[in-house]
Every structure is written in structure tokens, then in C-alpha cells.
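Given the sequences, and given the hints that come with them, work out the whole structure.
Chains as they are written, first to last, in this note's numbering: chain G, 1 to 419; chain D, 420 to 838.
If you are wondering where the hints come from, they were derived from the structure by calculation, not from laboratory data.
There may be inaccurate statements among the hints.
Said to hold, decoys possible - Heads up, incomplete: computed chain G residues facing chain D, CB under 8 Å, no partners named:
hint: 1; residue: L8
hint: 2; residue: L14
hint: 3; residue: L22
hint: 4; residue: Y61
hint: 5; residue: Y64
hint: 6; residue: K71
hint: 7; residue: D155
hint: 8; residue: P240
hint: 9; residue: F248
hint: 10; residue: L249
hint: 11; residue: I257
hint: 12; residue: D262
hint: 13; residue: K286
hint: 14; residue: K407
hint: 15; residue: E409
hint: 16; residue: M413
Glycine included, C-beta positions come from ideal geometry on N, C-alpha and C.
2 protein chains.
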Amino acid sequence: MEAFEILLPLAVILLLSKLMGLGAHKCGMPAVLGMLVAGILIGLLQYIPWAPLQEAFFGEYVTYFLKVMSKIGVVLIMFSAGLGTDLKKLKQTGVASIVITSLGVIVPMGLGTLVAFLFRQPNENALNWLFYGAILTATSVSVTVAVLKELGKLDSKVGTSIVAAAVIDDVIGIVILSVLTGFSGSGGSEGGGWNWFSPGAGLVVIKIVLFFIAAIAVGVGLRKLFDLMERKAPHNRRVPIISLAACFLYAYVAEKIFGVADITGAYIAGILLGGTLSETPYVESKVDEMGYLIFSPIFFAFIGMSNIEYFASISLRFLGFGLVFVAAGLLGKLLGCGLGAKMCKFSFRDSFRVGIGMMVRAEVVLICTEKGVASGLVDPAIYPFVIVIILLSSILTPILMKRSYRKEEQQLMSGGASV
Amino acid sequence: MEAFEILLPLAVILLLSKLMGLGAHKCGMPAVLGMLVAGILIGLLQYIPWAPLQEAFFGEYVTYFLKVMSKIGVVLIMFSAGLGTDLKKLKQTGVASIVITSLGVIVPMGLGTLVAFLFRQPNENALNWLFYGAILTATSVSVTVAVLKELGKLDSKVGTSIVAAAVIDDVIGIVILSVLTGFSGSGGSEGGGWNWFSPGAGLVVIKIVLFFIAAIAVGVGLRKLFDLMERKAPHNRRVPIISLAACFLYAYVAEKIFGVADITGAYIAGILLGGTLSETPYVESKVDEMGYLIFSPIFFAFIGMSNIEYFASISLRFLGFGLVFVAAGLLGKLLGCGLGAKMCKFSFRDSFRVGIGMMVRAEVVLICTEKGVASGLVDPAIYPFVIVIILLSSILTPILMKRSYRKEEQQLMSGGASV
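The following block contains the structure:
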């Protein structure tokens with residue numbers, strides 16, 4: 001295939017993703033859903049038996065190129081998420097958010113693992129079940145934030161707790177993912193005879209710890225360098241380009257040398273370069289724009305494009321698993337986070353709001369699923385159900401959140417007590 | 420190769436290109452030169468016989484990925500150049516710029532073709548010689564603009580003529596390139612028995628004309644769509660993404676269907692979407708940033724990386740050709756443009772300034788060379804000499820330009836007449 005021929009699938013992906021993303025956005029759903037649908041539509045082309053079309057969209061080299069672009073896309077998303085994570089703010093978030101997140105991670109992960117165990121396949125082991133659980137720990141509160149903003153409640157107790165809890169949620173999620181990916185790399189998934197107490201397991205833990213130590217040490221040095229560059233010439237374009245290179249190196253070294261997930265490396269690079277650095281918003285905006293313009297649409301569309309065959313060939317057993325998995329994902333967050341809020345003396349109504357606010361999933365759940373599929377821990381047939389979780393949660397949360405606040409208002413208007 | 424492994428070569432290319440680019444910039448040379456040097460340095464790694472290193476930087480899939488990224492990079496550069504070309508301004512530029520450019524295209528192209536003919540190889544024909552000439556028509560006045568700005572002479576007669584002439588130069592260059600690439604696609608280069616009067620040649624001309632008609636017709640429709648989108652929501656991020664998709668489609672269709680160069684398609688897309696559209700500067704800045712951050716460094720570094728073997732194995736005959744070619748490139752522009760300016764009644768000194776101002780080459784000459792190499796019309800061994808043209812012109816122009824203005828000042832100070 002000649003290099004210029006990639007321009008056709010690229011143009012189609014960009015156009016369709018943009019159109020579908022806009023459509024999704026108009027319906028109050030995350031643009032991610034639209035991009036997935038764009039990918040599925042493009043994926044349907046593979047059933048048209050016309051060789052030049054197959055070659056243009058699904059040829060070996062095209063697929064490889066899109067796969068690598070997807071990887072860069074996901075690394076950029078996680079890097080940007082890291083850049084946006086202000087560790088200083090984390091210190092101020094208080095006990096409530098920590099309790100909310102902890103239960104909001106433990107309950108869905110427990111439920112997800114349990115469901116995977118109940119519907120287990122013969123060749124699966126604890127690592128596989130745990131990864132299914134880990135997928136459900138992800139949260140993406142952008143839809144919630146949009147709804148709360150619309151209702152004027154973003155600065156309320158509920159709003160601030162959700163935003164803070166979502167940050168901690170990401171950090172915990174990344175640690176869980178790193179540990180599980182680390183173990184999968186040690187031969188856990190293929191062997192079937194995986195053992196918590198094997199010498200391999202100890203090595204994995206040591207590698208993960210070493211990674212975090214090395215990452216932080218290098219990160220501190222990099223920050224000093226950036227501070228220096230910044231003082232010499234603020235808003236210089238060299239800062240984004242060097243940040244980008246650092247992010248790529250972190251992701252590469254994490255996966256290649258320490259056996260930790262590449263997205264963990266990118267996220268940690270983001271946290272280390274983010275926060276207090278005054279260039280951070282500038283770098284973040286550049287990374288976001290580049291991701292937004294070309295890499296992210298490819299990532300989401302490629303998930304749709306490359307997994308369409310699994311959508312069509314789901315067994316009845318897997319269908320049962322999938323549906324219970326969806327329920328575990330939605331209820332797990334609602335119950336876990338709601339319970340956490342109630343324990344912190346939130347009113348019953350506010351606890352419910354925190355629960356539905358944290359229930360929404362979008363890009364992070366897809367990134368975790370993709371990682372699970374790539375490391376062979378998770379069946380790609382889970383994708384449609386993950387998409388259903390995104391779909392349902394982004395439909396339900398705005399409706400339930402608005403209804404909850406409207407009811408309160410009506411009760412206040414009619415003189416009823418606000419619980 | 421796993422997808423994440425691309426992150427290592429990417430990080431190295433970005434870092435080294437940035438460092439070398441900064442170094443070049445500090446020496447008053449275009450950053451492009453630095454990026455080329457970065458590519459050559461990375462290319463030298465191929466002589467270290469260590470398999471993992473070879474696989475990481477020069478494996479089949481890595482090379483393919485970098486090649487495609489380079490293609491996107493070059494398409495983005497040409498799209499941005501098109502966006503920056505204001506056809507309305509072109510109408511106002513007057514006769515001087517047209518005369519300067521015409522001679523500035525004819526003389527170096529004629530000289531280059533003549534040199535290629537004199538040093539011809541047995542398997543070459545007129546198309547090859549013409550392409551060598553076409554390479555020398557390119558100009559990149561960014562260094563000149565920087566120097567004139569520094570001297571406070573950008574708004575002078577010399578400055579405005581150079582800037583206007585450079586725009587027309589690009590348009591003429593693109594037309595020549597399209598015609599030659601079109602002919603090369605019709606089997607002209609391989610056969611050796613290429614004939615201006617063959618029925619194939621007529622078809623090529625018809626295809627090129629059809630391309631321009633179709634491109635303009637679709638472009639007018641696109642502009643209307645964009646005007647509409649702009650009125651509804653200014654500065655919306657959908658405009659850059661749809662522009663980008665349009666650029667990719669233009670480039671693809673140009674090469675695939677009409678046999679015109681993909682970069683011509685991208686340039687035409689830029690011109691059609693640029694100019695009067697009020698969103699243009701916004702789209703241009705997004706395209707530039709994306710190109711600057713990742714695609715352009717890969718394009719320039721990849722030229723260095725992938726052609727290093729030709730640098731080392733140049734025959735004595737080719738060395739002679741190359742050196743005369745360099746001289747033709749520099750003197751051709753100086754004489755052609757200088758003569759043009761003199762014909763338009765510029766003073767001798769100002770004519771000289773226009774000549775050395777137009778002499779500078781940077782990215783466009785590389786893009787043309789790359790196109791010639793890709794279509795098999797040009798020997799890749801010409802690369803080092805093209806780089807020498809960039810190097811010499813970017814060293815000589817600032818020195819000569821500054822000296823010329825300093826002399827004038829001294830003469831004015833000492834009461835001498837300014838010719």
C-alpha cells in the first residue's frame with residue numbers, strides 16, 4: 001500500500017466521527033459514543049465483498065497504522081488526564097471523597113469479579129475475573145459535570161465531592177490496572193495455573209514499586225528542567241514538544257522495562273509534569289487539541305471497526321454474562337458511592353445523587369477494556385456490553401439527576417421539608 | 420511489533436529534532452536543517468549491529484508507520500501553505516512580482532534541466548531532467564522575511580515584492596510539479612521512450628484540467644458549507660476537523676483518481692478553503708500546531724533517516740553533477756529574480772536584494788525532491804545536495820542582505836548617493 005492511500009480511511013474516520021459525535025452530543029450523550037458508532041458503521045464495510053474497499057479500509061498495513069495511531073491516541077488521553085490531575089487539590093479533598101471513592105471502587109470491582117467468576121470459562125483464572133472487575137472501577141464524570149453545571153449545582157456539596165472523588169478514582173484505577181497488567185505479563189494469563197505466591201508474583205510487585213520510584217525520580221528532574229525553560233521563555237512551543245516526548249518515553253519504558261501498562265506510564269508522566277507547573281494548562285491544551293483533531297477519533301472509531309465481528313457472534317452464555325455485567329457496573333457504582341456518601345452523613349437524596357453522578361462511564365472504561373483485551377485477560381465480546389454501560393449511564397444519569405433536583409424544588413416550593 | 424513500541428522512535432525523533440532545530444535556529448538557520456540533522460544522526464544508528472535497536476528504529480512496520488506519518492506531515496505543510504495563500508492579495512501584487520517570479524522560475528528550472536541533461540544517465544529522459552529543474556523552482560522565504568523584519572525593511576519595495584513573488588512562485592511550482600508527476604504516472608519514466616505527442620500525454624493533460632475543474636467546483640460548495648457553519652457557531656472545533664478531512668480527501672483523490680500529486684491536492688484544498696474565509700487563521704493555526712508538534716519533525720527526520728545510505732555511496736560523477744546542481748540552484752534564482760526586478764526598473768542594489776531574498780530554500784524544496792524520488796524521476800542521491808542548497812542559501816542570504824543594507828546606510832551617512 002502506498003503511503004498516500006491512508007488518507008482515504010483517515011478522512012472517512014474523521015468526517016464520520018465528527019458527524020456522529022455531534023449527533024451524540026446533541027442528544028446529551030458523550031461524543032465518544034458517536035465516535036464508536038462511526039467506527040461500527042465503517043466496520044460494517046468489511047461485509048461488502050469488494051476487494052479495493054477491503055484493501056483501503058482493512059488491509060494489513062492500514063490496520064497496523066490505525067492500531068498505532070489508536071495507541072498514541074490513548075496515551076495522549078491518559079497523559080492529558082494526568083496533566084489535569086492536581087495532586088495539591090487532592091490533599092484538600094477531605095475524608096468524604098476518599099470514602100466515596102474507596103467504596104465506589106471496591107463495590108463495582110467486587111461485583112464485577114463475582115459476576116465474571118460465576119460465568120467463568122474453563123481457561124480463566126482469578127486474574128481474568130479481577131480484570132473484569134477492574135474495568136468497572138473506571139468513571140468519567142464529564143456528563144455529570146455538564147448536567148450539574150446546567151442545574152447550577154456544580155459548586156454544591158454533591159458537585160465538589162463528585163469531582164474530587166473522580167480524581168481519586170482515576171488514581172486508584174490506574175494502580176489496580178498496573179498491578180493486574182504486571183501480573184498478566186508474568187505469564188499469569190496464559191498458564192492458567194497462576195499463583196499469588198509464585199516467585200513471579202513477588203518480582204511483579206518489585207517491578208511496579210521500582211517503576212513508581214524511577215518515574216517519580218526522573219519526573220522531579222524533568223520538572224526542574226521545565227521550570228528553568230519556563231523562566232527563560234514562557235509559553236514557548238518547545239515545552240509541549242518535550243513534554244510529549246517525555247510522555248512517550250514514560251509509556252514505553254513502563255510497558256517495555258517494568259511490565260506496567262503503557263497508559264499508566266503516560267498518566268504518571270502527566271501527573272508529574274502537571275499540577276503546579278505553570279505551563280501545564282498550555283501543554284494540556286496543545287495535547288488535547290492534537291488528540292481531539294486526529295488521534296482520539298481514530299482510537300474510538302478503531303474500537304468499533306476492529307471489534308465488530310465479536311458483536312455479531314456473541315454466545316447465549318456470554319449474553320447472560322454481559323447483561324449481568326452491565327447491571328453490576330451500574331448498580332455497583334450507585335450502591336458503592338451512595339453508601340460512601342451516606343456514611344459521610346450526606347442526606348439520603350444527596351447520597352443518591354453522588355451515586356448516579358459517579359455511575360457515568362465514557363473513555364476510561366473503554367481504555368481499560370482495550371488494555372484487558374490486548375493483554376488477553378478479557379474477551380473482546382465484552383465490548384458491546386461496555387458500550388451499553390456507557391450508553392445507559394449517559395442516558396440515565398442526566399434524567400435521574402434532573403428529576404431529583406426538580407423534586408426537591410417542588411417540595412421546597414410546596415413547603416415540604418428538604419431531607 | 421507491538422503498537423506501544425512505536426513510542427520509543429517517536430520520542431527520540433521528537434526530542435532530537437527539537438534540540439537540533441533549536442540549535443539551527445540559534446545559528447540563524449531554518450529549523451528544518453536541524454530536523455534533517457536529527458534524522459541523519461538517528462539514521463546512523465543503523466550501522467550499529469544490535470538487533471533490538473535495528474528492530475526498534477528500522478523494522479518494517481516502524482518504517483512503514485514513519486513513512487505514512489511523513490506523508491501526513493507533508494500534506495499538512497502544503498495544506499497550511501495553501502491556507503496562507505490569499506488569492507485576493509495576489510490580484511493586487513502588480514506586474515513586478517509576476518515578472519520577478521516568472522524569471523525566477525524559468526531561469527533556475529532551465530539551468531537545472533540543462534545541468535541534469537549534461538550529466539544525464541543512460542536510463543533518463545526529458546521528464547527526469549525537467550524534474551531536476553522543477554526542484555530548483557521552489558523557494559521558502561521565511562529566512563528572508565526574518566532578516567528583513569530584523570532590518571526593518573519588510574514593508575519596503577524589496578520586502579513586499581519578495582513576499583508577493585514567493586506566493587506566485589508556490590502556485591507556479593505546484594502546477595509544474597502536477598504536470599510532471601502526471602506524466603510520470605502515465606509510464607513516462609519507466610519506459611524511457613517517453614513522447615510528448617503520445618496519446619497518453621493528452622490524457623494526462625485532460626486529467627489535470629479535469630482535476631482543477633472538479634477541485635474548484637467542490638471547493639466552492641465546501642466554502643458555502645463552512646460559511647454557514649461559521650455563522651451558526653464561530654470558532655467551533657468542528658471547522659478544523661472537517662477542513663482536515665477535506666484536505667485528506669483532496670490529496671487522496673488528486674493522486675488516486677487524477678494522477679496529480681497528493682501535495683497538489685492538499686495545496687489546492689488549502690487555497691480553496693483559505694483566503695476570504697474568516698475561520699482560516701483559526702484552522703491554519705490548528706493545522707500548524709498539529710504539524711509542528713508531531714508530523715513535521717517526523718517528515719524531516721525521516722528524510723535524513725531513510726536516505727543516509729545514499730549520502731555515503733555517491734559516485735564521483737554524481738558528485739560533479741550535485742555540485743553544479745547546487746550552483747544552478749543558487750545562481751538560477753539570484754540571476755532570474757534579479758533580472759526580473761531590474762526589468763521592472765528596480766535599482767541595481769534592490770534587484771540584487773530581491774535575487775538573494777528569493778534564493779533561500781527550505782521545506783518546499785525537500786517536499787519537491789521527496790515527490791521526485793517517490794515517483795522514480797529523481798535519484799535519491801540528490802538529497803545531500805538539496806540539503807547543501809538549503810544550508811548555503813540560509814547562510815548566505817542573511818549575510819549578503821545585511822551587508823547590502825549596511826553599505827547603503829554607510830553611503831547615506833557619508834553623503835554618498837543611494838543608487
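Going down the list of hints, with the structure as the test:
Interface hint status for G:L8: upheld, as the beta-carbon distance to the closest one in chain D is roughly 5 Å, under 8 Å. Hint status for G:L14 relative to chain D: holds, with the closest Cβ pair at about 4 Å, below 8 Å. Here the hint on G:L22 is kept, as its CB sits about 7 Å from the closest CB of chain D, short of 8 Å. With its C-beta approaching chain D no nearer than about 6 Å, G:Y61 sits inside the 8 Å limit, and its interface hint holds.
Against a cut-off of 8 Å between C-beta atoms, the interface hint on G:Y64 holds, since the closest Cβ of chain D lies about 6 Å away. Below 8 Å, beta-carbon pairs count as interface contacts, and G:K71 has one with chain D at about 4 Å; its hint therefore holds. Interface hint status for G:D155: violated, as the beta-carbon distance to the closest one in chain D is roughly 27 Å, over 8 Å. Interface hint at G:P240: satisfied, since its Cβ lies 6 Å from the closest Cβ of chain D, which is below the 8 Å cut-off.
A cut of 8 Å between beta carbons decides the hint on G:F248: the least distance to chain D is about 4 Å, and the hint holds. Among the interface hints, the one on G:L249 holds; its C-beta lies about 4 Å from the nearest C-beta in chain D, closer than the 8 Å criterion. Hint status for G:I257: violated, given a least beta-carbon distance of 11 Å to chain D, over 8 Å. Hint status for G:D262 relative to chain D: holds, with the closest Cβ pair at about 4 Å, below 8 Å.
Satisfaction of the interface hint for G:K286 is found here, the shortest Cβ-Cβ separation to chain D being roughly 6 Å, below the 8 Å cut-off. Hint status for G:K407: violated, given a least beta-carbon distance of 34 Å to chain D, over 8 Å. For G:E409, the interface hint is violated, since its Cβ never comes within 8 Å of a Cβ in chain D; the closest pair sits about 31 Å apart. Checking G:M413 against chain D by beta carbon gives a least distance of about 36 Å; that is not within 8 Å, so the hint is violated.
Consistency with the previously given hints fails for numbers 7, 11, 14, 15 and 16, ordered from lowest to highest.
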